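Colleague: Spelled out from the first residue to the last, the chains are:
Number of protein chains: 2
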Amino acid sequence: MRVEVVAVGTELLLGQIVDSNSSWIGEQLALAGLDSYFQTKVGDNLGRIVEVIELALARSDAVICTGGLGPTQDDLTREAIAAVMGVSLEESEEAAERIISMFAGRGRGMPMNNLRQAMKPVGAEFIAEQPGTAPGLICPLSRPDPLTGEPRSKVIYAVPGVPWEMQEMVSGTVLADLQRRAGLTSVIASRTLRTWGESESRLAELLAERMDDLDRRAALGEAAATIAFLASGVEGLKVRLTAKASSEAEAAAVLAAEEEAVRAILGPTVFGVDDDTMESAVLDLLRRRGMTLGVGESLTGGMVGSRICDVPGASDVFRGSVVSYASEVKFDLLGVSEGPVVSEEAAREMALGARRVLRADVGIAATGVAGPDRQEGHRPGTVFLAVAIGSAGSAGVGDADLVDSVALTLPGRRRQIREYSVISLLALLRRHLLPAT
Amino acid sequence: MRVEVVAVGTELLLGQIVDSNSSWIGEQLALAGLDSYFQTKVGDNLGRIVEVIELALARSDAVICTGGLGPTQDDLTREAIAAVMGVSLEESEEAAERIISMFAGRGRGMPMNNLRQAMKPVGAEFIAEQPGTAPGLICPLSRPDPLTGEPRSKVIYAVPGVPWEMQEMVSGTVLADLQRRAGLTSVIASRTLRTWGESESRLAELLAERMDDLDRRAALGEAAATIAFLASGVEGLKVRLTAKASSEAEAAAVLAAEEEAVRAILGPTVFGVDDDTMESAVLDLLRRRGMTLGVGESLTGGMVGSRICDVPGASDVFRGSVVSYASEVKFDLLGVSEGPVVSEEAAREMALGARRVLRADVGIAATGVAGPDRQEGHRPGTVFLAVAIGSAGSAGVGDADLVDSVALTLPGRRRQIREYSVISLLALLRRHLLPAT
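Quick mapping for you: the protein sequence lines, in order, are chains A and B. This note's numbering puts the first residue of the first sequence at 1, with every later residue one more than the last. This note's numbering puts the first residue of the second sequence at 438, with every later residue one more than the last.
Please keep in mind that the hints were generated in silico from the structure rather than gathered at the bench. One or more of the hints may lead you astray.
Claimed, not checked - Distance condition first, Cα-Cα at most 25 Å in a straight line; then the derived DMTMM-like pairs of lysine to aspartate or glutamate:
id, chain 1, residue 1, chain 2, residue 2
1, A, K238, B, D841
2, A, K154, A, E51
3, A, K238, B, E659
4, B, K675, A, E51
5, A, K238, A, D212
6, B, K591, A, E51
Keep in mind the model is a prediction, meaning the values are calculated, not measured.
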């Protein structure tokens with residue numbers, strides 16, 4: 001079954017907003033086993049929206065429209081779908097009441113315009129989820145088969161352009177509805193293993209035998225997972241496991257077995273699953289050991305601390321960070337010995353200093369040259385990382401039990417060098433926190 | 438003249454990469470006075486790329502293809518354009534030599550595949566700029582006019598998917614070539630004023646009279662600028678000035694006069710021009726006064742420092758940041774009085790503490806609740822900001838000359854609250870650094 005995505009909004013064409021919705025939907029479609037060959041952006045123009053939807057229906061079986069469901073005269077997706085279906089719009093009393101009560105619940109007066117959102121093409125249904133004021137739509141219709149002329153069932157979905165509203169509707173209703181229409185009675189489930197530190201070719205080499213084995217089993221009709229690789233920039237590579245089975249329980253069992261098999265092969269290269277990040281993985285490991293963390297940052301400028309604070313609940317582990325951008329701050333506040341600050345020794349002293357002054361069990365630090373200019377004779381990309389680990393509850397008092405450091409030469413420009421330094425530092429700490437095997 | 442954008446790459450459909458290239462090109466086209474009504478993403482499939490380009494040529498006068506110019510068998514944009522033109526591909530000796538010498542210059546062996554990049558459709562020209570190994574293409578062709586049947590000139594451009602390579606070619610060659618073909622002999626130039634702190638409706642109100650006046654002058658045939666607003670999320674609103682004139686000098690003069698007029702109306706709401714950011718604006722103001730900066734961060738977790746360090750050359754102003762996530766770090770390291778830490782008083786003490794311990798002339802600080810949970814009884818979004826300004830060269834010694842603070846209630850989730858806090862804090866400092874008027 002072929003599904004197209006149409007993103008509606010002049011602001012998308014003008015580049016005022018980057019259309020990340022289509023990308024997200026494309027990923028979900030692929031995970032659900034649905035093909036998607038075209039994605040189109042079109043402005044807030046009725047004729048052109050109709051033209052694009054008609055074309056998509058001619059090429060594909062289903063169309064997901066995102067955007068253009070707001071309350072203003074510029075929001076034309078409802079009108080365009082009605083035109084494509086050859087029907088008029090009708091007001092849903094139920095939807096109108098829901099919108100009115102949403103505004104009342106927020107203690108705000110409702111502009112009359114908002115009742116436009118209660119309109120739907122005759123024959124369309126609302127999507128059950130409605131996180132915002134805009135209801136989503138399921139609009140069945142038919143088009144003649146190009147060969148036989150027989151009517152073929154097609155469907156248009158309309159979801160809002162606001163990302164979280166769109167995501168809730170697509171995850172909650174649209175994907176399952178598409179799978180049902182596609183006659184995909186089998187359940188498709190997937191899990192993503194996050195890896196860091198190995199290249200795609202190395203992962204492919206390590207997993208080659210396993211992947212061959214899975215192919216063989218699938219050819220014999222056994223319920224076997226498939227494995228695919230997805231790049232995610234400096235954040236490493238994702239290994240996506242997908243299972244197709246006759247029930248959710250069976251799919252879950254296939255995924256669980258496959259995750260175990262892949263983890264046995266890749267070992268600690270796998271740092272997490274699905275929404276895990278390197279910082280959430282590190283925080284979990286520290287929390288499990290009852291340890292607190294302090295950070296000393298130079299070229300990263302606060303990015304290590306900021307990423308850690310992105311994780312809700314970081315406060316039971318994360319004490320803070322000393323961003324010692326100026327050399328004197330390294331000397332005065334972190335107790336680094338006066339001398340070169342772009343050095344492995346400075347990184348180690350920064351980690352020890354962060355552990356001590358932030359009274360943390362573990363200190364980590366990064367120093368180096370982000371560029372564009374050289375510093376202390378070193379090229380941009382020259383980076384030193386260090387970790388200083390004491391026992392749980394030591395709170396920075398006494399010596400660290402272990403100090404480790406690494407020197408890196410990173411490629412790219414200022415921003416990339418800084419981002420790569422952050423993830424590398426977190427990965428270095430993670431390695432030291434893993435149980436010895 | 439209508440221009441369409443076609444982004445080529447299966448990874449775009451699968452959501453592994455978000456197609457920000459189309460958005461960037463869309464913005465440039467709008468600035469250049471060219472219409473763009475459709476943007477399409479298509480995978481690495483020859484038949485479908487040809488189909489999409491044919492459709493775009495039927496709807497528009499020009500097509501910009503981005504992506505699919507790499508050296509592998511998956512890179513099919515060259516083949517697709519040749520098919521659309523009805524010609525074969527030929528190797529350009531000059532291009533081949535250039536690619537070979539690029540690899541030689543980097544001291545790397547060249548995979549034979551890379552010579553695919555020296556191929557071009559017969560009748561196409563290479564784009565002069567070539568920042569990477571992939572040359573860009575200008576491919577003129579004609580299509581019959583749908584009404585008269587007379588041949589009409591059209592053009593396809595092919596540029597790489599790597600953003601900076603694409604941008605260099607589009608800015609350097611494609612836009613001017615399009616304007617020439619469109620018969621736009623006039624020069625179009627634009628400038629973006631960055632503003633922060635006023636809503637779009639307020640800006641529109643303030644500039645209404647000026648915009649009416651510009652419309653009147655344009656109607657009389659005078660060289661007048663146009664004004665448009667672009668939202669940029671928590672980063673404020675952009676006011677875009679565009680001038681159409683008969684020469685570059687005239688366009689520059691119109692823009693300069695318009696910038697002066699708009700600045701006179703909007704005053705300090707304008708914090709910068711074009712690529713300026715709030716952090717670069719703040720660093721410039723501090724640098725001009727010979728002042729250094731220290732930061733105290735709680736809920737922002739290092740994001741303030743990190744943004745400041747994004748600006749090359751920050752080191753002559755920025756001393757560092759103390760990320761005091763745990764309350765004890767606020768007490769011990771920044772000298773905040775023991776007690777509630779989600780308070781305006783704590784923010785002021787943090788700013789003073791950051792100024793003192795980082796030995797900076799100016800200290801700024803943010804504390805508050807990012808959520809999802811309440812803290813000290815305060816809801817997520819409760820944020821306190823403070824600045825403490827001493828004289829240039831005071832280096833944190835002695836009292837600050839001025840301490841100011843504000844209490845905010847910010848909407849949104851964790852990430853948005855933190856981002857809004859950062860920009861608000863930088864904006865607060867900026868206001869205090871502006872010369873008194």
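Colleague: Can you confirm whether the C-alpha distance between K238/A and E659/B stays at or below 25 Å?
Modeller: Judged against 25 Å, a Cα distance of about 58 Å means the pair is violated.
Colleague: So if I understand the rule, the pair passes when the alpha-carbon distance is 25 Å or less; does K154/A with E51/A pass?
Modeller: holds (16 Å)
Colleague: Next pair to validate is K238/A with D841/B; report whether the Cα-Cα distance is within 25 Å.
Modeller: Cα-Cα ~47 Å, so violated.
Colleague: Does E51/A lie within 25 Å of K675/B when you go C-alpha to C-alpha?
Modeller: At roughly 32 Å apart (the allowed maximum being 25 Å), E51/A and K675/B break the hint.
Colleague: Does K238/A pair with D212/A here, judged by a C-alpha cut-off of 25 Å?
Modeller: Cα-Cα ~19 Å, so holds.
Colleague: Assess, step by step, whether the Cα of K591/B is no farther than 25 Å from the Cα of E51/A, and give holds or violated.
Modeller: holds (22 Å)
The structure fails to meet hints 1, 3 and 4 from the earlier list, while all remaining hints are met.
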